[in-house]
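J.: For reference, the chains in residue letters:
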Amino acid sequence: MKLIKIKDQHMWIPFVFPGTLLLVLVLGFPAIQSILYSIYPEGGGSSYTFSNYSVLFKDSIFRQVFGNTALFVTLSVASHILLGLGVALILNKEIFAKPLFRLIALLPWVVPDVVAGIIWKWMYDPIYGALNDLLIKVGLISTHIPWLYNPRLALLSVVFVNLWRGFPFVMLILLAGLQSIPRVLYEAAAIDGASRWQLFSRITLPSLKKMFVVALALDIVWEVRRFGLIQAMTQGGPGTITEVLSTYIYKQYFQFFRFEYASAVSVIMTIALLMISLPYIWMISQEE
Amino acid sequence: MKWFRISSYVVLGMVVLIGFSTFVSAQEKVTLRFSDWHLTESPWDKTLADAMALFEKRNPNIKIALEPVSYKEKETKYTVELAAGKGPDIFHVHAFSLPMFFDKGFAMDLTAFIEKEGGAKFLEPWYPLCMNLMKHKGKVRAMPGDYMSMVLVYNTELFKAAGLDPKKLKTWEEFLEYNKKLTKAPERWGIALPGAKDPGFELRFSPFVWSFGGDYLTKDYKKSALDSKEAKEAFTFFIELYTKHKVMPPGVTSMNPQDVRTQLAHRKIAWEIGSGWTAPIVNAINPELKAFDVLDAVPLPVKKNKVTTIWLSSWVMSPNTKHPKEAWELMKFITSKEMELNWFVKNRVTSSRKDVSEKAPEILNDKFASVIASQLPYGKVVPQIPQWPEIVDTFTTAVQEAMTEMKPPEKALADAHERINGILARKK
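These protein sequence lines are chains A and B, in that order. Note that this note's numbering gives residue 635 to position 224 of the first sequence, counting from 1, and the numbers run on in steps of one. Note that this note's numbering gives residue 355 to position 280 of the second sequence, counting from 1, and the numbers run on in steps of one.
Worth flagging that the hints you see were computed from the coordinates, not collected in a lab. Predicted model only: the values in this text are computed from it and were never measured. Just so you know, even glycine gets a beta-carbon here, dropped at the ideal spot from N, CA and C.
Simulated crosslink set (BS3-like; lysine-lysine; CA at most 25 Å straight-line): (1) B:K434 to B:K407; (2) A:K469 to B:K482; (3) B:K298 to A:K469; (4) B:K379 to B:K242.
Some chain A residues well away from chain B (every beta-carbon gap over 10 Å; in silico): (5) V437; (6) N503; (7) L511; (8) L616; (9) K620.
Please put together the full structure from these sequences, using the hints given.
T.: Written out as structure tokens, the structure reads:
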């Protein structure tokens with residue numbers, strides 16, 4: 412039997428091939444299937460059409476959902492960055508029981524989306540919820556607040572839970588960045604008489620620039636895809652005030668059986684995500 | 076040594092033989108996947124488990140694998156599995172989900188099985204309305220299950236304390252006055268109705284719109300009928316129970332039927348729109364209430380029409396089942412006269428079989444079932460069209476927008492009316 416001899420420069424092929432094949436099957440095939448579904452006419456038919464796309468761009472609910480998603484992502488990511496940076500700065504200092512506080516800071520992140528949504532839905536309950544009870548006892552409010560049922564508060568209430576759950580991820584990235592900043596920079600600046608604000612704005616922030624891009628890109632992608640938390644807490648209600656792209660696609664596909672339309676919305680969502688991730692991809696390719 | 080060697084070979088041979096026969100019998104035994112949301116509810120879970128054990132005893136070659144699924148997610152789960160060529164062999168859904176399943180080819184044609192059982196004669200025991208809803212293009216693709224009408228289930232103690240007799244209730248206006256007297260917020264409210272986007276919503280809201288003389292859609296199902304004076308009046312009346320008269324507890328827009336039953340179980344509300352399943356579930360939530368003694372039922376009030384919503388469940392065989400004969404045996408068992416009576420005795424659900432709901436003394440003498448059965452002639456079903464889930468979602472959005480005062484009721488309803496017309500106008 413003749414043995415197949417692989418040249419050294421081709422040795423990577425048998426190692427990379429199985430993983431690539433798996434990726435193609437698990438990611439590539441459904442993606443292509445989804446794109447094909449999106450150009451089938453709704454209700455069946457053999458010819459391809461872009462009617463699903465023209466329907467969705469004319470749909471006022473889709474436009475509202477897109478706007479809700481943009482608002483949800485903006486508020487979530489901004490709050491993650493701010494709180495994540497604040498906690499990372501504290502945990503970067505020499506404080507008592509630092510490992511314990513790092514662990515505590517990470518805990519919300521290990522709670523699954525749906526579980527966090529269910530827990531907080533009960534905490535927000537206007538009759539039985541612990542939050543209203545606590546706020547009334549400390550005198551901050553006098554009557555129960557319908558957190559998830561007041562249209563002005565519903566989205567903010569969901570964003571708050573998302574902040575609680577999601578900031579550790581950003582904190583970890585920024586903490587890693589903070590720890591890589593050479594201490595000599597701070598010492599030299601301190602000798603030159605720099606104030607704390609100058610140390611922060613002239614050394615810390617510029618040094619964290621790449622980490623911010625990484626955290627921003629990854630967090631935006633994750634928040635656009637956020638589903639379990641919102642579905643568990645509000646299912647997009649009241650009305651459509653907390654409906655985002657992920658819950659909208661879910662509803663169209665699994666509840667209304669509009670496979671073709673849901674696929675079209677998925678494609679739009681994917682294009683939006685690709686455009687958001689471009690700065691991150693460009694940055695990584697520049698480094699290589 | 077020789078006898079030791081021989082006896083070792085004999086023992087080894089017996090072990091191999093036993094193992095082989097076990098393997099062979101395991102191969103011969105058919106496993107059927109049975110899925111039902113009731114498996115997540117007490118006391119239904121025990122009832123179903125016991126029934127399946129009985130079926131296995133009567134059919135030793137069949138094993139039943141029980142698969143619970145949440146009430147809300149069952150259509151999603153079944154859709155995904157069936158689209159992938161799998162799915163439970165037998166599963167339980169509302170009748171109003173059937174058009175979607177039929178449309179996508181997700182339900183086995185049962186005609187051949189029924190023909191073998193005697194055809195039309197086999198189907199005689201079932202109510203004709205129920206059997207008609209099981210058909211798609213002339214073929215029977217599901218079997219009917221529970222058949223109930225929606226009624227008011229109330230706490231007799233709370234009504235007695237308020238000096239009210241619900242058996243004298245006639246009109247929706249009196250219903251409002253009763254609720255005002257029963258409401259003592261924040262300890263207790265008159266009534267709660269599900270406002271979440273949940274299949275239980277339309278069961279409870281529909282009597283309002285129909286009784287007021289309106290409807291969701293025109294008779295040909297081609298246009299929305301929510302612009303009629305009657306539909307607007309019904310919608311506004313429903314919304315104002317919450318926004319103006321405040322006889323419903325806060326958070327109602329996120330309540331599903333189980334949340335409402337929990338309120339009833341803990342005396343947070345005095346009554347709710349329910350049916351035969353209410354008392355057993357409330358009893359399981361709070362046994363201290365002694366629901367079977369404390370709760371009672373009366374028909375819904377009337378505006379222009381005496382009408383209520385029909386609840387009908389259905390049993391579907393997966394078109395992908397590898398064991399259709401065995402699955403049919405299970406389906407026959409579940410819908411048999413014996414089991415339909417069992418479902419009533421254990422869980423208080425009346426049957427789509429006339430020979431059970433109209434004849435069984437257990438039903439005729441039960442305080443809940445007698446009221447439920449008496450309202451079946453006034454029952455109406457929601458439109459059985461594939462677009463219905465999207466239409467009811469649009470309508471519930473309008474209810475939530477009006478209840479949370481995002482829009483005035485007239486505007487919310489008008490927007491829903493326009494959107495529903497758009498849904499119906501889509502080419503299919």
